[in-house]
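Required output: the full structure, derived from the provided sequences and hints.
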Amino acid sequence: MPNLKDLKNRIASVKSTRKITKAMQMVAAAKLRRAQEAAEAGRPYAERMTAVIGGLSASVGGSDTAPRLLAGTGSDQTHLLVVMTAERGLCGGFNSSIVRLVRNRIEKLKAEGKTVKLLTVGKKGREQLRRDHADLLVGHVDLTEVKRVGYVNAAGIASDILSRFDAGEFDVASIYFSTFQSVISQIPTETQIIPAKFDAPEGDEASTLYDYEPSEDAVLEDLLPRGVATQIFSALLENAASEQGARMSAMDNATRNAGDMIDRLTIEYNRSRQAVITNELIEIISGAEAL
Amino acid sequence: MADMMQFDLVSPEKRLASFQAVLVQIPGADGDLTAMPGHSPVITTLRPGVVRVKSAEGEKDYVVTSGFAEVTASSVSVIAERAHAGDEVRKEDLEDVLAAARAKASEAEGEHKDGAEKLVADLVELMDRMD
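Protein chains in written order, with my numbering: chain A, 1 to 291; chain B, 1 to 131.
Hints are computed from structural coordinates only; laboratory data are not their basis.
A few of these clues could be false.
To be verified - Computed cross-link-like contacts, PhoX-like style, restricted to lysine-lysine with a CA-CA straight-line distance of at most 20 Å:
#	chain 1	residue 1	chain 2	residue 2
1	B	Lys104	B	Lys118
2	A	Lys31	B	Lys14
3	B	Lys14	A	Lys147
4	A	Lys31	A	Lys19
This one's a predicted model, so the numbers in the text were calculated from it and none came from an experiment.
What follows is the structure, given as structure tokens:
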């Protein structure tokens, strides 16, 4: 039988854990709302950007003069996987599920005889991937100091990727992040960013014939790098919302588990206390009878 | 109303403006252009400068750095990588853009050099005008 003092300490410790997880859950809920607002606010820009680039690439894309960002290098030998994860843990399976998707992809690419390079954004993904694939890591972007992801961060990552592309370090680049569905569901997603794939706009917009200044090619040339940055920015925003959502539900579970544990421990504590009292009574009574 | 058109200004982080306008002046890469309702559809890249919008409530200025503008007969959308309302913008906001542009201009070669240097010149002019 565990002694009463130990049980009491145990209960106190689980109670303080519950306080912490409860607080983390509430913080995550507040941050989630902000992250969702940010994602919402970023949407019009991303939509316009995609629509215009989509329209342009549909008209220019097929020609020989199409920019390399759109047409690709003509080979798909070297793949750069940009893995976006959180900077912190304690968010359930958020980081692991992204890493799992990336691992599967690496295996598949390796089986096809391709070269794989990894660029990690966020500490947690790097830590997990370093175990098996340390040789593939070519770079890391640290966002630990960043409180709220801004477009500046995305532009930084994009220019890093683009300069690697210009240097011929890879042929195909994809980003890995989590799409926010709801607080309990975040879907790890893969999107190819280079060569750029933009869906041509449908319906009326496509039929509007624009004049381009300076020229179609020049506008496209100017916009494609921005398109890459925009895609990364949207992914970062989605990821931020997903992370907070995942953390919120993980902490909710933890709080509930801590509550259950406290209940169990309290019952055990009361039983032990009762047993001690009964024991003492027996001792007193049998002592009195012996006299 | 026939002589009004929808004006939108969006940056990656938020939608800065969305209202009915009469006239929009846009600092296009190939020169300024003024869009009024019924303008033929144009997509142009931007150079750093001031977007001036005239609406029923008066004139409004926005400082933009780079991006593009989409003009149709009934709407003007300015999609700017960085945009500030004219009365809020401070010089410090643009200083890092200028530094980045300078760095790029000094690295650029050949035909890109002209464009990069023009960007620097545009930014310097823009910032001088703010004083």
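To see whether the hints hold, each was checked on the structure:
1. For the hint pairing Lys104 (chain B) with Lys118 (chain B), the CA-to-CA distance comes to about 11 Å; that is within 20 Å, so the pair holds.
2. Of the pairs offered as hints, the one joining Lys31 (chain A) and Lys14 (chain B) holds, with about 18 Å between alpha carbons and a cut-off of 20 Å not exceeded.
3. The suggested pairing of Lys14 (chain B) with Lys147 (chain A) holds, with an alpha-carbon distance near 18 Å, which does not exceed 20 Å.
4. The suggested pairing of Lys31 (chain A) with Lys19 (chain A) holds, with an alpha-carbon distance near 18 Å, which does not exceed 20 Å.
The structure fails none of the hints (numbered hints given earlier).
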